[in-house]
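A.B. asks: Residue numbers (numbering that gives the first Met the number 0), protein chains in the order written: chain Z, 0 to 392; chain D, 0 to 224.
Everything labelled a hint here was simulated from the structure, so no lab data went into it.
Where hints are given, some of them may not hold.
Said to hold, decoys possible - Simulated restraints on C-beta separations:
#1 Z:Ala314 / D:Gly41: 33 to 43 Å
#2 Z:Ala357 / D:Gly191: 21 to 31 Å
#3 D:Ala30 / Z:Ala372: 56 to 66 Å
#4 D:Arg27 / Z:Leu329: 30 to 40 Å
#5 D:Gly180 / Z:Arg337: 24 to 34 Å
#6 Z:Ala372 / D:Asp184: 50 to 60 Å
#7 Z:Tyr5 / D:Gly180: 46 to 56 Å
#8 D:Arg126 / Z:Leu364: 31 to 41 Å
Where a beta carbon is used, it is the ideal one built from N, C-alpha and C, also for glycine.
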Amino acid sequence: MSGPLYLASRYLRHHWGKTAILVGSITLIVFLPAGLRVLVGQSADALTARADATPLLVGARGSALELALASLYFEGEPPEPTTWAQVDRLGATGLARAIPLHLGFRAREHPIVGTTLAYLDFRGLRVAAGRRMAVLGECLLGAAAARDLGLGPGDSLVSSPETVFDLAGVYPLKMQVVGVLAPAHTPDDRAVFVDMKTAWILQGLGHGHQDLTAPGASRAVLAREGDRVTANASLVQYNEITPENAGSFHFHGDLSGYPISAVVAVPPDEKSRALLRGRFEAPDETQQVLRPRQVIDELLATVFAVQSYVVAAIATVAAGTLATAGLVFLLSARLRRREIDTMVKIGAARSFVAGVLAAEVIVVLLLGAALAAGLTGLASRFGADAIRTFLVS
Amino acid sequence: MASAHLELRDVRFRYRDGDFALRIPELRVEAGERVAVIGPSGSGKTTLLHLVAGIALPEQGRVHTSGIEVSALDDAARRDFRVRQVGLVFQEFELLEYLGVLDNVLLPYRLNPVLRLDDEVRARAVRLAERVGLGQKLGRRVTRLSHGERQRVAVARALVTEPEVLLADEPTGNLDPANKGLVLDLLFEVAGEHDATLLVVTHDHDLLERFARVIDIGKLIGDAA
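Given these sequences and hints, build the entire structure.
C.D. replies: Quick look at the structure:
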């Protein structure tokens with residue numbers, strides 16, 4: 000190691016507290032803008048990739064952003080509901096495959112996504128263990144959800160209560176885990192997939208209860224009027240669907256009016272896509288059809304604009320920090336006047352002493368930059384999901 | 000140039016930013032001589048050492064040290080001369096607090112590339128540290144040493160290049176009486192072992208009897224005037 004570098008390294012090591020503060024400051028002012036750019040860039044890539052992979056979304060008129068974010072990433076508030084009739088309507092056009100999504104329920108921190116098996120095929124989701132959901136009350140876990148929840152095929156999962164303080168409300172449903180998906184590195188990994196009817200049961204639109212005509216159920220009968228039986232509050236409602244009680248689960252009313260959150264429309268070609276969009280442009284149209292990429296691009300334009308302001312603010316702070324660090328080195332050089340004079344008296348050139356001081360500055364800058372690079376690497380490895388979640392929630 | 004090891008002739012020196020001026024008509028110190036330099040504060044004792052070491056340049060006159068006309072050398076040549084030929088000991092030790100004992104002893108080899116730091120030099124530095132009684136504290140930071148120990152490190156540093164001239168500026172000024180004697184003994188012994196010419200600035204008149212010659216710089220200037 001050369002003389003200046005050796006002396007500089009020993010000085011910095013001896014004054015480790017000062018060195019740590021300076022290196023930490025440099026690390027922060029390099030990492031914050033660089034890390035932010037990398038993270039936002041990665042998150043933008045992830046967001047647009049998901050949007051690109053989703054040709055069209057149909058939902059109730061309202062916030063296009065909410066519809067896109069909820070349907071693509073299962074985050075944020077569920078959009079204004081539409082109805083199952085829109086699935087039939089899309090199917091009837093012959094212009095696109097219609098895949099329904101029903102959102103808004105959770106199992107612990109994981110979104111429950113009501114859909115059909117067509118969704119799994121559309122997203123290319125492969126079952127890694129067990130099988131797909133087939134009957135009421137079954138669920139299929141995304142890879143990350145299975146890992147976080149510590150569940151696999153054969154286990155059960157209880158949905159989170161939606162109305163904790165409402166005694167007449169919807170109660171959690173115990174679901175059977177029948178399979179786990181292979182990692183897709185998309186929001187699907189965190190989801191719990193159920194079929195549409197199970198989602199409606201979660202919402203309280205379908206239910207199962209004891210048979211009031213059965214012997215022994217008379218205590219639950221409030222009144223009988225011909226074929227009409229009115230139950231009292233002691234009626235046993237099922238909160239788990241089993242082979243024994245599955246037959247008792249039923250839905251009232253016309254299913255076409257049942258709520259769904261959105262429909263993923265998958266047209267076979269550009270022409271069908273254009274025609275389909277045209278079908279939803281009537282002035283009195285109650286539904287909207289949107290291209291997710293367009294919505295996400297608008298969101299990202301806002302994000303990038305905010306990012307540029309944040310980076311400008313960081314740059315201002317960085318300039319101040321660098322000026323302060325420079326002042327620290329300058330004052331340090333003054334305080335070390337005698338040490339410098341001693342070096343010169345013994346036989347060092349003034350340029351050598353300048354080299355020692357410069358080496359101290361360079362080592363601090365390099366250490367700060369290296370740490371910032373390491374942090375940026377770590378952030379890009381582990382932080383993109385967090386930023387993406389932040390952006391869409 | 001006769002056989003004098005140090006010779007100053009018709010030297011005039013003036014600091015750029017002060018009124019102080021020093022005039023030395025003639026001063027000769029023979030090789031291996033042990034000389035004390037005394038005089039009142041501000042009389043130019045330290046300046047004399049700086050002239051001999053080539054740290055300061057005279058306005059006029061010639062300074063010869065170890066047969067070299069130091070006053071005729073350029074800056075770089077004087078630095079190289081000094082780091083090779085002159086050992087310096089300061090009143091305040093002037094050790095680098097962020098280095099250990101051995102690294103402080105080796106400091107001249109870190110400061111000037113004209114000296115090459117190799118295993119032989121390291122072995123010599125260790126021997127010197129042992130010689131001054133710090134062989135068990137080679138890696139210890141100098142801030143953890145007593146004043147006497149620090150001055151012994153400074154003596155070892157001054158000798159590590161095996162200089163022909165050893166210049167000490169009030170080396171006992173910050174030491175208690177016991178350490179004064181020890182450090183002076185050490186300077187005499189190691190200078191003797193290396194045949195170095197010793198020039199010591201001191202205020203301590205109790206120590207003067209130990210020197211072969213005492214130069215009162217006040218009288219030197221007075222005689223010149």
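A.B. asks: A separate judgement is required for each hint: does it hold in the structure or not?
C.D. replies: Verification of the supplied hints:
1. Z:Ala314 / D:Gly41: 33 to 43 Å: Since Ala314 of chain Z and Gly41 of chain D have Cβ atoms about 54 Å apart, the given range 33 to 43 Å is violated.
2. Z:Ala357 / D:Gly191: 21 to 31 Å: 42 Å, violated
3. D:Ala30 / Z:Ala372: 56 to 66 Å: The hinted range 56 to 66 Å holds for Ala30 of chain D and Ala372 of chain Z, with Cβ atoms some 59 Å apart.
4. D:Arg27 / Z:Leu329: 30 to 40 Å: 46 Å, violated
5. D:Gly180 / Z:Arg337: 24 to 34 Å: The hinted range 24 to 34 Å holds for Gly180 of chain D and Arg337 of chain Z, with Cβ atoms some 27 Å apart.
6. Z:Ala372 / D:Asp184: 50 to 60 Å: Since the Cβ atoms of Ala372 of chain Z and Asp184 of chain D sit about 56 Å apart, the hinted range of 50 to 60 Å holds.
7. Z:Tyr5 / D:Gly180: 46 to 56 Å: 36 Å, violated
8. D:Arg126 / Z:Leu364: 31 to 41 Å: Distance hint for Arg126 of chain D, Leu364 of chain Z holds at roughly 40 Å.
Taken one by one, the earlier hints fail for this structure at numbers 1, 2, 4 and 7, listed in ascending order.
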